[in-house]
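When you get a sec, could you build the whole thing from the sequences and use the hints?
Number of protein chains: 2
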Amino acid sequence: MKIGVLGGGQLGRMMAIAGYPLGIEFGLYDPTQDSCGGQVARLYNAPFEVTDELKKFVDEHDVFTYEFENVPLELAEYIVQRKPLYPGKDALYYSQHRLREKQLFVDLGVPVTRFSKVDDRVSLLDAATEVGIPFILKTTTLGYDGKGQYRVTSEAELSELADKLFPEMGEACQETSYAGVNEYIAEAFVNFTRELSIISVRDQVGNCVFYSPAENDHRDGILHLSVAPAPNLSDEKLANLQGYAQKLLEKLNYVGVLSIEFFETEDGLVVNEFAPRVHNSGHWSMEGCVTGQFENHIRAIAGLPLGVTDNRSVSAMYNLVGHDVDRSAMAMHDVHVHWYGKDIKPKRKVGHVNILADDYLQLQQKIDDVDALVK
Amino acid sequence: MKIGVLGGGQLGRMMAIAGYPLGIEFGLYDPTQDSCGGQVARLYNAPFEVTDELKKFVDEHDVFTYEFENVPLELAEYIVQRKPLYPGKDALYYSQHRLREKQLFVDLGVPVTRFSKVDDRVSLLDAATEVGIPFILKTTTLGYDGKGQYRVTSEAELSELADKLFPEMGEACQETSYAGVNEYIAEAFVNFTRELSIISVRDQVGNCVFYSPAENDHRDGILHLSVAPAPNLSDEKLANLQGYAQKLLEKLNYVGVLSIEFFETEDGLVVNEFAPRVHNSGHWSMEGCVTGQFENHIRAIAGLPLGVTDNRSVSAMYNLVGHDVDRSAMAMHDVHVHWYGKDIKPKRKVGHVNILADDYLQLQQKIDDVDALVK
Chain A
1 MKIGVLGGGQ
11 LGRMMAIAGY
21 PLGIEFGLYD
31 PTQDSCGGQV
41 ARLYNAPFEV
51 TDELKKFVDE
61 HDVFTYEFEN
71 VPLELAEYIV
81 QRKPLYPGKD
91 ALYYSQHRLR
101 EKQLFVDLGV
111 PVTRFSKVDD
121 RVSLLDAATE
131 VGIPFILKTT
141 TLGYDGKGQY
151 RVTSEAELSE
161 LADKLFPEMG
171 EACQETSYAG
181 VNEYIAEAFV
191 NFTRELSIIS
201 VRDQVGNCVF
211 YSPAENDHRD
221 GILHLSVAPA
231 PNLSDEKLAN
241 LQGYAQKLLE
251 KLNYVGVLSI
261 EFFETEDGLV
271 VNEFAPRVHN
281 SGHWSMEGCV
291 TGQFENHIRA
301 IAGLPLGVTD
311 NRSVSAMYNL
321 VGHDVDRSAM
331 AMHDVHVHWY
341 GKDIKPKRKV
351 GHVNILADDY
361 LQLQQKIDDV
371 DALVK
Chain B
1 MKIGVLGGGQ
11 LGRMMAIAGY
21 PLGIEFGLYD
31 PTQDSCGGQV
41 ARLYNAPFEV
51 TDELKKFVDE
61 HDVFTYEFEN
71 VPLELAEYIV
81 QRKPLYPGKD
91 ALYYSQHRLR
101 EKQLFVDLGV
111 PVTRFSKVDD
121 RVSLLDAATE
131 VGIPFILKTT
141 TLGYDGKGQY
151 RVTSEAELSE
161 LADKLFPEMG
171 EACQETSYAG
181 VNEYIAEAFV
191 NFTRELSIIS
201 VRDQVGNCVF
211 YSPAENDHRD
221 GILHLSVAPA
231 PNLSDEKLAN
241 LQGYAQKLLE
251 KLNYVGVLSI
261 EFFETEDGLV
271 VNEFAPRVHN
281 SGHWSMEGCV
291 TGQFENHIRA
301 IAGLPLGVTD
311 NRSVSAMYNL
321 VGHDVDRSAM
331 AMHDVHVHWY
341 GKDIKPKRKV
351 GHVNILADDY
361 LQLQQKIDDV
371 DALVK
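Chains as they are written, first to last, in UniProt numbering: chain A, 1 to 375; chain B, 1 to 375.
With a straight-line Cα cutoff of 16 Å, these simulated EDC-like cross-link-like pairs (lysine to aspartate or glutamate) come out:
| no. | chain 1 | residue 1 | chain 2 | residue 2 |
| --- | --- | --- | --- | --- |
| 1 | A | K342 | B | E25 |
| 2 | B | K342 | A | E25 |
| 3 | B | K55 | B | E74 |
| 4 | B | K237 | B | D267 |
| 5 | A | K347 | A | D324 |
| 6 | B | K345 | B | D220 |
In case anyone wonders, no lab produced these hints; they're calculated from the structure.
As the structure is a prediction and not an experimental result, all values here were calculated from the model.
This is the structure:
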């Protein structure tokens, strides 16, 4: 079997590495010529359009998946008409658009924060009343790591933002828009105590397995650390997280790994967003679980039985963002450095360190030791 | 860093898969066009000679290693004069020649069975007296899995073999020789209770780590099952096995993974042979240990710190030889199937199954369950 992955970054790269021991071959498709996945699998290098190279890529593989949710729908459509694509087009349709995604969660009974659609000056001002200040305004499509987002914490900031985005008679201003997107979602601020994420997997006959939810910490808007299982998570919340994930998996007739982020608040869980793919907050599972997220994603889309997701111990994933770690970390007990084969640049994810320990106390000590070796 | 591996079979393949997470790139060199390693890394396809393709292969990689011990010495010499080659030429010099290898063990104080050189009719008949009947005659070079070997269990068989190999005035007969090799070693039969092997690793600054010795069972002369740690191994024998391995590592100024096979007899340990490479009897370490043999081999030759070799549990490696295993084995707890991407043919190693368990009793049950799924 040959699997084609849309996207040749570190996620596609790690899918290939995890799938090779299963006897599966991989090709990656990416517009960037030096995509790091190209170091471990054949890279088809062309724009994300229905190019001749894409047609060749589709011809030469049996099953398709993607490493990022912004795959153009027409490209997904081209593939779906010819070969299996997992998790599929529905997952893309919802995850590419923050309003559709939010409404889907509402329909499934998954708790969301108050939100409102904004596409002109009037709806922006109305949103401030409906969801309340403070709120955050996000483009409905594109944007990540805080890009295309605005915080509104006062009436003054609201007027300022209205003038910036919709200055002329309430019309959208192309120059100040992010990536040309003029449709927004206003979301009420969530006062959360921590972020949790859950990785789940569904196979082609409907079996679902779940990884332990992780607790995630960010630095400068980028994931810094995930700890799993999330400490002090009540059985009730664990059951809720799995239940919400299962609803979404079934609603989307999903095949593969699904990631959902939640906020834990004093009033309970509130969903943030989902990603129809393997996720940075699940990288700890590579050594931390009997079967890692990458392998289980490949098993699911290849029609193979899912692997057991039991934890080997408590685990952490420490992201290497714009920094490397000293090689001496590799000699630490049950510390596993994964490098993505990328040059180091500010804010760029160049690798991660998986850390296993007997208990949370030892885990924290090892995290501190790794932290001291990051340079 | 780019590592070039001589040989593109499953061992080279698994080296690449283990090295990719370390950010290392791989190329494999193999005369066979459809070598299974070519599915996961670039394959340089040409004979094992100093070809133009070999020169290109050497130019395009930084460090070299091999997946089999019969690398022609002139080819090793070509590389050594230009780039680092690990474990190096010395390891090949001894492991390619059974007499040199045996003498090396004698010099290092590692117990060997009685042996004698045979290269004509007279020395064959003398050997029968020196080492005693029964004995086994092996070509000094080449041969594996019983090829190029003869058992002599009586005077009649001795005469027969003498007539076959050295019929004319004691001269060697080319037609009946194996692969044109006319030099032999006669080895006294070893009445062993079991075969043990130990995998060890030495890095570029002389640090050595050891894996738990494994107990190996063969079927039709091919490794069938390895169990690690070898059950009921005395502390004294464990210390001896590690001590012998360390002597050999240091004598050869070795870098990388070294495998040594021993017979356990009523009178103690007797060495069988060593292989200067990752070894089938160490495959259980991929999931069974904190750091597997393939990753540690790559760490060693890449100049990185060695990883911890502690066991995660008790483990077994079940070889898939000429048979496949039902996909349902993948759903078993802590059972990991590794396929090599090869077509199934009689006696061909097409994959292996790593099995982890809490204790030997559970391990045996899981081995039996896997066995029932092999078809």
